[in-house]
Structures are given as C-alpha cells and as structure tokens.
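Visitor: Each chain, letter by letter, is given below.
4 protein chains.
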Amino acid sequence: MSLAMNKEELSQYLTQVFPQVHKDFVIMELTNDTITMRLVVEDRHLRPGGTVSGPSMFGLADVCVYSMVLARKGRQSLAVTTSSSMDFLRKPAGGADMIAKCRLLKLGRTLAVGDVLMYSEGHDAPVARASLTYSLPPEGSAAAAFG
Amino acid sequence: MSLAMNKEELSQYLTQVFPQVHKDFVIMELTNDTITMRLVVEDRHLRPGGTVSGPSMFGLADVCVYSMVLARKGRQSLAVTTSSSMDFLRKPAGGADMIAKCRLLKLGRTLAVGDVLMYSEGHDAPVARASLTYSLPPEGSAAAAFG
Amino acid sequence: MSLAMNKEELSQYLTQVFPQVHKDFVIMELTNDTITMRLVVEDRHLRPGGTVSGPSMFGLADVCVYSMVLARKGRQSLAVTTSSSMDFLRKPAGGADMIAKCRLLKLGRTLAVGDVLMYSEGHDAPVARASLTYSLPPEGSAAAAFG
Amino acid sequence: MSLAMNKEELSQYLTQVFPQVHKDFVIMELTNDTITMRLVVEDRHLRPGGTVSGPSMFGLADVCVYSMVLARKGRQSLAVTTSSSMDFLRKPAGGADMIAKCRLLKLGRTLAVGDVLMYSEGHDAPVARASLTYSLPPEGSAAAAFG
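Chains as they are written, first to last, in our numbering: chain H, 2 to 148; chain R, 2 to 148; chain W, 2 to 148; chain D, 2 to 148.
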C-alpha cells in the first residue's frame, strides 16, 4: 500500500485543518510507514526552567501519528485518538527544537497504531517515547466518533 | 499521613510556580488522597469543531496529579512526570469546562501514581481517563531529575 | 442499558470458553457497570519470593474487563484486547488471593474501555492499576479481528 | 557504558533466578542496548483458537526488558516493573514461536525504560508493542521495593 498524499500535499492539508497550530509543526521526511516532524519551539511550549512542556510533547506525538495516518488514508479520513501512552525519559535541552520520529505499526480497517521517539535537536538520546491509537471511521461514514 | 498544604496554600503556590497557566486551573476540592480541578476552557484549549484538545486534557490530568503530590509532599517537592497513559472515551461537550477527579493511588519514597477521570461539566459520562507516574527527588536532593 | 447475562450465566459461560483457566477466576459481584473478581492464587501464579507475577495480574485485569463487556454485550460478543496499560504499585501480600474491581468506562459501538484496581485480599492499598481497551465486532460480523 | 554480563552469563543467570520459566525464553542476540528473545510457545501459552495469550506476551515483554537491564546493571540488580503499556496489533500466527526485539531507551540511576516489538516467527508485521518501566534499587540497598 502506498501514500495517498506526498509530503507537500500533506503539509498543505495540515495548514488548512489546523490553522492555529500548523506553524508549530514541520514535516521533515515522509515514507510509506514513517514520518519525521519538527516542533518549532516557542515560548508558549515551555515550562518554567525553559524546557518543553509535557502537553507540547503530547501534542507533537499526536500530530505526528495523525499525519502519518492521513498520509496513508487520505484527506477524507477523520481519525480520532482513542488511547495513548508516553514515557518521559530525559529533560529536553533548552533552546532546541524537538524532532519526532514516528513508525506506523498498524493501519487496520478500524484502528491505526503508531509509536514515536522524540529528541531535542542535535542530541542522540531520546527525550520521550509515545504510542497512540486512532479509531478510523468505517468506509462511507462521516466520522470515527470515538468508537 | 495528612496534607502538607491545604486548598488555599496549594492554590497560592500553583500561582507562583505556573505564572503562565495558573488561571486555567481551579482547585475545587482537596482531601487526603483526592483532588478535583476545573479547566477553565478558553479558545486556546480548543480544536477545530470546538472540542477541548488532547494536549489540553493531558495538561489538565498532569497538573491535577502533580498538585495532589505537592499537597502531600509540600512545596519543596520537585516531582517530574515519568510515565502517563490516557484513554479518550467521548467527544467533550462544546462550551463546557472540564472537571478532573484525581485519586492518589501511591505515594512512595521515590514514585507517586495517580489516576484521573475527566468530565465535561454537567455531564455524567467521563470524556477521558488518565494515569500518571511521578519520580520524586530523594530526600535532601535538588530534584528528581528524570530518575 | 442493562446486563445481557447475570452473574450465574456469565460464570457458566466463562467455564465453557476458558476451560484451561476458568477455575482461577471467580466472579464475586456484578452490576450494570462494575464487576469484582477473585484470582484464586496457586503456585503457578507466583514469582520467586512468593508474590503474584506480573503476567498473572495482567491476566486477571484482562479477564475482568472482558467479562464485564461480555455481561453487557452477550455471548455472541467476540471482543479482542487492543490496548492496555498497567501500574504496579506495591508488592502483593504472600499467600493472599487477588481481588480485582473493574469499572466499565465506555461501551461504544466499536470500542469498550474499563479500568481495574487490584488488591491483595484483606489489604486496603491497591497492588496494581490497569486499563484495557477492547475492539468490538461490528454487528453481524464474525469477530473484531484486531480492528 | 558496556555490558555487565554477556549473552552466556545472562542466560545462565536467568536459569538460576527463574527456575519455573527459564525454558520458555531463549536469548537470541544481545548488544549494548538491544536484546532479542524467543518465546518457545507451548500449549500453556495459548488461548482457545491456538493463538498466544495476552499474559504470555506480557510475560515475554517483561522478561525481555528485565534481562536487558540485568545485562547492563549486573546480577545484583533487583529491578521491579513499575509501569507498562501494550498494544495488540494483529492475531499471532498459530504454531509459531514469538520473537521479541527490545531497545533500552533509558538506564538512569533510579529508573530504566525499554520498548519491545513482538513478532510471530517468520512474519514481518509486528503482533504487539510494549513499553515497560523499572524501578532500580539505590546503590547499596537491598531492593527497589516498588519505589
């Protein structure tokens, strides 16, 4: 199975559907079953002390797997997040963007699963790990509607 | 074991340590091992369609368990989130604040665990479930430093 | 919505479908959205040191939520586990059965979610926490088939 | 940092500490931060229908990450599992052993984290994904004692 959207089409689509946040996220690389995204870190993503906040990392992981599913299923897909788990491994480096590398582990008829490793740019050891499950709308229906 | 801070002391402390976000969160009730908090939903918490975003719910659950640990351990506590899991159960109601009810399941020497149910105010069925683990700094040390 | 099977019908059904393990599990109480089950602890459930093993606790939580879903959906239901998370909170007491208390948090068209607290019998503090998600087969189909 | 035990030393040690189950698990490969293990599937690992049970997969993932931590920390290490998450992706193939591939994501002073992909031998698509956190005993103490 191949991509329904390439990197440029996917970027353009995210700009349309996430007008508030699309500037935070940049697609760096897209293959059939992996995607790499950058979180352009701004003040609003930081906690006191200057490190990237937990909710910002959650948001990055969520957008990353969601984008991977979209790239395969196409823009009519209305996937909704149903489960997630995250492990926070190290303190993010100050002043560095976050790079997220996602693998698509399953793309079924009704469920999709991906996992993500997140890094402070320029550092080798991962800052956080996440896995997320999405419910996919049945063919022809309007939305996944939380299963 | 009893509370190291009561509701008013805890509210005041959160105002100091989270100057950017403290207005989003209101402590509604605090007991020895439960806390109930409100997320005052603003536009920045919403996704297209008007529902509360995943990162906002993650943030609410995180602040909720963190505050519960603080209330017991006192303000010198520098707990850091190490693991989390969340299940998204239903679409949040539009135009409603989110209410989070946390139970403290464990408060050990080096780890604390709490779980949280989140509701759209005025609705009976939970919108999301979360559990979070915190690493606690050893007595006398400066910080938990991600274990 | 009410129960499709009562406690006796559910017990009998589990005996049929899990001939190898049904003696390990006893349903103690069943309501519309909660179930309490006992793991009758035998040598094969123990790790060196005499405490209940992680896989045994996972199995207990899994059977518990699965049974709750069955009780509501009826015996034609072919739910399969898709996601789980567990926190191990305390060392189980030696020589004690494990009691699991499950709440059904969601019973949707395609997904069901429950959470579980597990206790060593006679002790107040929970030994472990779990949450599990099940994929439900579409009406009329043979099985959920892992989404 | 390098291995405290090589593959043969680790195998021998597991035989000593897990007399009941060591025959189920075979270490296939060990590097500084990865381990590959085989679950030799027997009748007792199966559910009705002939597929490997959830508790058996949980046990495989747990032994896998635990062994990786042991290989690095040495045999005095008394790590205990504190958190886990699993996603069940596909039905395991009948009559095939399970192969688990673990990456060590963090080996800190008090916490270790690894993730695992599990496959039915001879098949490319993963059957399950897991991540596990271990609490490590402080230097010189007897045990991690669940944090």
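Please note: incorrect hints may appear among the correct ones.
Because identical chains share one entry, a pair is satisfied inside a single copy or across any pair of copies.
[Unchecked claim] Within a straight-line C-alpha distance of at most 27 angstroms, the following computed BS3-like cross-link-like pairs (lysine-lysine) qualify: (1) Lys-92 to Lys-74; (2) Lys-92 to Lys-8; (3) Lys-92 to Lys-24; (4) Lys-24 to Lys-74; (5) Lys-24 to Lys-8.
No lab work stands behind these hints: they were computed from the structure.
Visitor: Run every hint past the structure and note whether it holds.
Guide: Each hint tested on the structure:
1. In the homo-oligomer, the alpha carbons of Lys-92 and Lys-74 lie at most 27 angstroms apart only across protomers (22 angstroms), although the nearest pairing inside one protomer, at 35 angstroms, exceeds that limit.
2. Proximity of Lys-92 and Lys-8 under a CA criterion of 27 angstroms is satisfied in neither setting, with 30 angstroms inside one chain copy and 30 angstroms between copies.
3. Within a single copy, Lys-92 and Lys-24 get their C-alpha atoms as close as 24 angstroms, and across copies as close as 26 angstroms, so both meet the 27 angstroms cut-off.
4. In this assembly of identical chains, Lys-24 and Lys-74 lie within 27 angstroms of each other by CA distance solely inside one copy; the values are 23 angstroms within and 39 angstroms between copies.
5. Within a single copy, Lys-24 and Lys-8 get their C-alpha atoms as close as 15 angstroms, which meets the 27 angstroms cut-off; across copies the closest is 39 angstroms, which misses it.
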